[in-house]
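K.L.:
Line by line, the protein sequences are chains A and B.
Going by my numbering, the first sequence opens with residue 25, and the numbers climb by one from there.
Going by my numbering, the second sequence opens with residue 21, and the numbers climb by one from there.
Be aware that a few hints might be false.
In the DMTMM-like style, the derived pairs of lysine to aspartate or glutamate whose C-alpha atoms are separated by at most 20 Å in a straight line are [stated by the list, open to error]:
#1 LYS298(A) to GLU219(A)
#2 LYS83(B) to GLU76(A)
#3 LYS83(B) to GLU44(A)
#4 LYS101(B) to GLU219(A)
#5 LYS101(B) to GLU33(A)
#6 LYS67(A) to ASP64(B)
#7 LYS101(B) to ASP41(A)
These are computed hints drawn from the structure, not numbers from a lab.
Given the structure is predicted, the values throughout are model-derived calculations rather than measurements.
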Amino acid sequence: MSRRKRMMEDLDQDIRDHLEMETQDNIGRGMSPEEARYAALRKFGNVTRIKEETREVWSFVWLEQLGQDIRFGLRLLRKSPGFTCIAVITLALGIGANTAIFSMVNSVLLRPLAYREPQQLYLVREIIPELSQTYPTLPANLQSFRVWQRECHSFAEVAIVEPSNMTLTGYGEAEQVSGGLASANLFGVLGIMPELGRTFLPQEDTPGNDQVVILADSFWRDRFHGDPAIVGRSITLDGKPFQVVGVLPASFRFPKGAQWGAFLEFPPRTDYFKPLGLDPKQFDQLGEFDFAAIARLKPGTSARQALAELSVIQARIAKDAKEGVGLRAEIIPLESEVVGTARRGLLLLLAGVGAVLLIVCLNLANLLLVRVPGRVREAGIRTALGASRARLARQLLTESALLAVLGGVLGIGLAYFGLRWLVAVAPANLPRLDEVHVDARVLWFTVFVSMLTGILFGALPAWRVAHAEPQPALKAGAVTITEGRPARRLRESLIGFEVGLGTLLLIMAGLLTVSMIRLLGVDKGFTTEHVLAVDVSLPPQSYTKPEQKEAFYDNVLARVRALPGVSSAGWISRLPLEGQEQVDGINVPGRSTTGLQVPVANYRYVSLDYFKSMGVPLRQGRSIEQADRDRHVAVISESVAKKVWPGENPLGKQFHPGEDQTPLTEVIGVVADIRTVALDEPPLLMVYLPAGPAAHGWSGSHGSLVVRAAIEPAALGAAVRGAIRNVDSGVPILHLRPMTEIVSESVGVRRFQMGLASLFAIFALLLAALGIYGVVGYSVARRRQELGIRMALGAQGSDLRNLVLLQGMSPVVMGWAAGVFGALAAGRVIRGLLFGVTAQDPLTIAGVTLVVLVTAALACYIPARRAMRTDPTVALRYE
Amino acid sequence: MSTKEHKERVELLQGTLDLLILRTLLLGPAHGHAIAKAIEFKSDDVLQVEQGSLYPALHRLIKRRWIPVQAGTSENNRRAKFYRLTAQGRRQLAVETSKWDKLAGAIARILLPAEQEGKP
Chain A
25 MSRRKRMMED LDQDIRDHLE METQDNIGRG MSPEEARYAA LRKFGNVTRI
75 KEETREVWSF VWLEQLGQDI RFGLRLLRKS PGFTCIAVIT LALGIGANTA
125 IFSMVNSVLL RPLAYREPQQ LYLVREIIPE LSQTYPTLPA NLQSFRVWQR
175 ECHSFAEVAI VEPSNMTLTG YGEAEQVSGG LASANLFGVL GIMPELGRTF
225 LPQEDTPGND QVVILADSFW RDRFHGDPAI VGRSITLDGK PFQVVGVLPA
275 SFRFPKGAQW GAFLEFPPRT DYFKPLGLDP KQFDQLGEFD FAAIARLKPG
325 TSARQALAEL SVIQARIAKD AKEGVGLRAE IIPLESEVVG TARRGLLLLL
375 AGVGAVLLIV CLNLANLLLV RVPGRVREAG IRTALGASRA RLARQLLTES
425 ALLAVLGGVL GIGLAYFGLR WLVAVAPANL PRLDEVHVDA RVLWFTVFVS
475 MLTGILFGAL PAWRVAHAEP QPALKAGAVT ITEGRPARRL RESLIGFEVG
525 LGTLLLIMAG LLTVSMIRLL GVDKGFTTEH VLAVDVSLPP QSYTKPEQKE
575 AFYDNVLARV RALPGVSSAG WISRLPLEGQ EQVDGINVPG RSTTGLQVPV
625 ANYRYVSLDY FKSMGVPLRQ GRSIEQADRD RHVAVISESV AKKVWPGENP
675 LGKQFHPGED QTPLTEVIGV VADIRTVALD EPPLLMVYLP AGPAAHGWSG
725 SHGSLVVRAA IEPAALGAAV RGAIRNVDSG VPILHLRPMT EIVSESVGVR
775 RFQMGLASLF AIFALLLAAL GIYGVVGYSV ARRRQELGIR MALGAQGSDL
825 RNLVLLQGMS PVVMGWAAGV FGALAAGRVI RGLLFGVTAQ DPLTIAGVTL
875 VVLVTAALAC YIPARRAMRT DPTVALRYE
Chain B
21 MSTKEHKERV ELLQGTLDLL ILRTLLLGPA HGHAIAKAIE FKSDDVLQVE
71 QGSLYPALHR LIKRRWIPVQ AGTSENNRRA KFYRLTAQGR RQLAVETSKW
121 DKLAGAIARI LLPAEQEGKP
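Please work from the sequences and hints to get the whole structure.
P.N.:
Structure, rendered in structure tokens:
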């Protein structure tokens, strides 16, 4: 540093000497001393800049300059607090929203499953071509699993797992816990090492050796206070002792709900895993298609190779099974299956929120462009004092970067709180939602986005200032009457761009909203108002006989019916919209269909009054009555009637609910179709049998009480809970909520997407309106003189207003047209997210058009009215 | 300054000034003004060097230790700073010169055929 200082001190002297010598030379050539001095200075160039450049040679001058720029920038921002506030707030909202949505994308889509080499993991599902119309793919069955394990060389290993529920006793109140029954090699396939203890041993796969469990970290902490001594001890599940052999790491997550594909419903919480403990005899025939099969491909094996090999194996299994049906298989990357349909929705939201940030940038660029003329004068002075263009541009970019950094810091804060809110309102079935948080990748994303934002909105104004001609700006008192055409056109095109993006977002949000309305308006087949639903699960150790279960259900029903405010109540084995269960064939005697070719229905067991309580309309025949409990009768849904007995009267017809040896059952009534899985999935075949020990296949281990109330159903909650407790306080109540809540939960993902998309679209519209207001208002202010002259020449106030409106609206109309065009082009992307509406829905587009044009007209109208009130004398005096 | 005069003068390429300074100093130590004069004189005034821009260039070379500074007296007996070429600077001059030759040769080869084609 001292060397640098010495050199710089010498420089002044050197330059003085140099100029002196040159002057002397010039005098020697015959110039006058004054002339000679000027000539020397001219020849030398700008002394200040030369010094600056020389200093740059010696120092970290850019760092010094950055400091200067930042100080200067901060001073400027302080001087115009209004602009700074708007800029920082809009930036913070834009960057914050982007950070929050990116955190979700990061957790849900980008972060790999916490399994070893997750890209090698595939879900294997089976396909029965004859059934693929109704059931495109099915979970795996035991025999196939065993054959794959033995013969499929593409798989390094394959494991199966099925959902399971048990009741934990001995640790406080009885509690239903949920988890999975797995082949012993599951953790080997996933590549998971236990935190404590061990995973399953191969011999624990066999019956008798399977009384062991592995606990999930959260369950271990909640229920056993994270006591490491639990390993090796015994806990009581379903009344039987199980030895705890290990505890899984905290990072372990197991996909839940339908994330394993259709017909597999894993519980939202995974508390434990237990070995399947299967009798080898069970492998001898095609059993139930009940298992999630996870295969780890051998390194270097492609999915296509594996599928080719699997197809050959499947064909042979089908031939050996002699069921008269084919068998194929499908393998799906586990990650993509887990993420599922959430991908498209989330990416769409990310694109939407990115568009909002782009609008923020355009707006700020516009606000800064408005300030360009003022800055040009300043830039002119600085150029005259020796600043280079690059230096000027850097100064201006530093200012915008400062705004971006301020906005970014505030935005991270907003994202932090916004994310809590997002996770709270997000539907629980969004995969890996509980893992969403701000991590290093998210922070880097924010830093990157902030910087990009700063450059994006700062570059254009900076370029214009740096390249402006300084001379005209320096002429004192120069007032340009009208703004240069290119400058105006530039700002108008920015406005057009903003309006276009806003229109596009509004159309997308509008389409999602219309879909939601259509979806909620769909004929569900039951009524949701005034209905309370309560799920219970009977602990198997105290309810061993079917009669005990039946008595429990009857007693609860009697007590609940007696409650004031209850108009009717009934039981069902599984509520509508809660997914498929008890899927079996409808075997009509005498029909030639065999094996797996028979129509397949969802079987439900219902009590007296279920249809009445749920509001499922009876179409034909009669409902289930008390006396039907000991008879083999059924109520079927309309689809069953149409599919199994087309064109015939189904009443009195008989069928076997499942295999041929099941009791022949008579159809006594037909009820409306209901939505079994989701509102946006067409109704499935439903068969309702009277619940009770006499019904084939009735387990009665869990049931849902449906209470129709004359009053607000939530107000009945405590009374119903009390009635169940009074019958048996040892029966855990799993859920108690109004039916409306179940419906609203089932559309949670859509509601979430629609809500966020609408929020972004409205924000975008407001930003665009702000931008329009700013540009038109500024142009009115600048043109005061011109407008005054026009008025003095006889123009009416309304003429001026119309002039301003026309000029203000022309970029809006162009932007709107571009936005509509963009929305039509983007229709293909969003189509998968829509329900009951096309991406080109004219009503939505018309509505959005109205909103955009009215908002824009309002934003133009306020300054236009000001133009109308121009007082010609004042305007002319302004000069 | 007339337009014609302006056109005949050539702006220096980036870094060329360094080469010219090193070349000038090869003849012996010189002070700043003398270097500027020498460059102007030898190029028949075609190369228009803003004399001031000499100084950042000189400081660049000093920083790289190619030319040390020493005090001395100028021809008209004034105290002045003299710049001298070090051995390192000499080597650098050779490197820069050959680079320049290559560049000039390459450009000439590109331009030459075009000129010939242009002739009828």
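K.L.:
A separate judgement is required for each hint: does it hold in the structure or not?
P.N.:
A quick look at each hint next to the structure:
1. Proximity of LYS298(A) to GLU219(A) is assessed by CA-CA distance (about 17 Å); at most 20 Å being required, the pair is judged to hold.
2. Only pairs whose Cα atoms come within 20 Å are accepted, and LYS83(B) paired with GLU76(A) is accepted, the gap being roughly 16 Å.
3. Among the hinted pairs, LYS83(B) with GLU44(A) is inconsistent with the structure: their alpha-carbon atoms are about 26 Å apart, more than 20 Å.
4. For the hint pairing LYS101(B) with GLU219(A), the CA-to-CA distance comes to about 75 Å; that exceeds 20 Å, so the pair is violated.
5. In summary, the hint linking LYS101(B) to GLU33(A) is supported, as the alpha carbons are separated by about 13 Å, within the 20 Å threshold.
6. Taken as a hint, the LYS67(A) and ASP64(B) pair is honoured in the structure, with Cα atoms around 16 Å apart against an allowance of 20 Å.
7. For the proposed pair LYS101(B) and ASP41(A), the alpha carbon gap of about 10 Å is at most 20 Å, so the pair holds.
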